[in-house]
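Spelled out from the first residue to the last, the chains are:
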Amino acid sequence: MQANRIFFSNHYLFRSSFVHSFTDPYFQMNHNLLKVSHLTKQFGEIKAVDDLSFSMDKGFIYGFLGQNGAGKSTTIRMLLDLIRPDEGSIEIFGMELKKHRNEIMRQVGAIIERPDLYKYLSAWEHLKMFATMSGIKYKRAQLMEQLALVGLAERAHSKVKTYSQGMKQRLGIAIALVHDPALVILDEPTNGLDPQGIADMRNLILSLCHEKGKTVLVSSHLLSEVELIADSMLIIDRGRKLVEGKVNELFDPSEHLCELITSDNATAIEKIRSSALGVYLKEEREEAILLKAPKEQVPLLVKQLVEMDIPVLSLHTRHSLEDYFLSLTTKRDAASSVKN
Amino acid sequence: MLLPLLRIELYKIFRRPRTYISFGAIAAIVWLVQIALKFDGPAYIDLLLNNIKESFLINADLKHKILNGYLICFVILNTILIQMPLLVALVAGDSIAGEANMGTLRLSMTKPIGRTQYILVKFLASVIYTVMLLVWMALLALFGSMLIFGTNDLIVMRSDSIEQMRAYDVVWRYLAAFCYAAVALSAVAALAFLLSVLAENSIGPIIATMSIIIVFTILSEMNIPIYDETVKPWLFTTHMVAWKGFFYVKTDAEGVTIDGSIQNLPAIFRSLSILLGYIILFAGTATWIFRKKDILS
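Chains as they are written, first to last, in the working numbering: chain A, 422 to 761; chain B, 40 to 336.
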């Protein structure tokens, strides 16, 4: 455990001496680090990703949210060129992934779902092997230092089959970061970790971004985790984008999200839009109307809705990202069930 | 980048305990044959010369001369080269499918390595493993037998004749035969490799490779005229045993063996080119599929 603390401490985290990619001309300019346009992928009859577009700026933590099966892993695999999209394009560092794959991958580090490793090799052998595969020149001391930073120095020569899940996850991170990438993609990085491991991972992600200047894309279905670390987020459901934006814009703790259900939503929307309440209108959906208002305005809002003769059936206020996420996704499920 | 990657692949192959099963199996078979023939060699020679013992006078001294290291190696080659495809498929079939099964394929594929480069290196590593198995077999079967049984002229029995090669005219034939066997087994490796690209666990490609070889071998051995002309000449299994051609020699007008001769060299080259064609076909198809494949494991 002591070793874990060293690994995730803010001061020592991956003090790499490798040539840093931030010296590249790209990083001197200010444009999207990652740009995805109209990405679509279909497996048989199932559309895993459907016309998905989003972009990421450098130096931020980007939360990628969605329920299991929403299309997060498929999207991430497309970003890493593991899966070829049926349609759409991906640009990373201003280069098209299709044409400049290797150039891009030199600056990308990733963990996809869980770090599956060679059970018959040691951590040291793994790091050496993947450093070579990443095309970097390394010295023994550098790799040993990295292993020490992930708390695996003492077990550097033990076979991975003797490691715990947490140790494997830490080795996976060391492998992902061995070449000092500018963009780090973590797909469900907290899977299988205990609470301490989850907290350590959270600190690591924050440190990577805020101290090392890396851009991090982290996917998760644990919304509470993402809420704590992400600057921006993208929520997808059934392969389609639901919302994208900065967390503090999408979710302001001082504001409440009010989910309004009336007996005639279409008329209610018309009335709200033509009134002063129009400014609170966030989203119009078949099954509910979402209004976003400061906490202290909520009672007034209710009063005005009644005064406008809007037949209110229910009004729920939500204030966490998770609630917001659920309101976006589960209602869609409910609506489709009703339709079916 | 190709060489460092190849070193990594070979390192992975030779760090796996499973790899050494093949080396152990070969050693076990070779030693068992050598031990058996060391103690009961003359009885084996009697069996071998059963058809001609009424036409020739075969005394104990002649039996002793026939039972030499070269003959033992020939016997071992006949036995082991039938089993070798399984040992080759164990590694080649596992090459991509095993990585997919372990989940390490996706980790490797997030590194700046082109898919063609990756698959080429994987295939080369399988071929090198195959060659190393053959070198191991050569060391044990040829040089080991030479040490244990000594050397003399090599007598090879055929259905319609007896081939005799002088002791000094044998070693190069074995080297050529081992080189040929390397190509033949590389064709097996290429087939297992192709099937490995299509699967996500290694058992499937290994079993499928062996099934294909068994079916093809049965077809190759069947004496059905329609197959003899249409199917058999194109089955790679038909050409896998063409290494024996290096031990079939020409004779002069008096029936005396011509040193350094090969009875039908063009047939060996034809078989060799068909095997190379299969290797290119299998490895090329594997590369084409892998380049387009979605890595979902």
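Among the hints, erroneous ones may be present.
A short list of chain B residues far from chain A (calculated; beta carbon distances all over 12 Å) [what the hints assert, rightly or not]:
| # | residue |
| --- | --- |
| 1 | 44 |
| 2 | 64 |
| 3 | 72 |
| 4 | 114 |
| 5 | 146 |
| 6 | 153 |
| 7 | 242 |
| 8 | 273 |
| 9 | 303 |
| 10 | 311 |
| 11 | 333 |
| 12 | 334 |
Some but not every residue of chain B turned toward chain A, in silico, with C-beta under 7 Å [to be verified]:
| # | residue |
| --- | --- |
| 13 | 145 |
| 14 | 150 |
| 15 | 240 |
Pairs of lysine-lysine, DSS-like flavour, derived with a Cα cap of 27 Å [as the list claims (entries may be wrong)]:
| # | chain 1 | residue 1 | chain 2 | residue 2 |
| --- | --- | --- | --- | --- |
| 16 | A | 468 | B | 289 |
| 17 | B | 332 | A | 520 |
| 18 | A | 520 | B | 102 |
Since the hints were made in silico from the structure, they are not lab data. Given the structure is predicted, the values throughout are model-derived calculations rather than measurements. Glycine is no exception: its CB is placed at the ideal position from the N, C-alpha and C atoms.
Which hints, by number, does the structure contradict? Numbers 1, 5, 6, 11, 12, 15, 16 and 18 - these are the hints that the structure violates, sorted from lowest upward.
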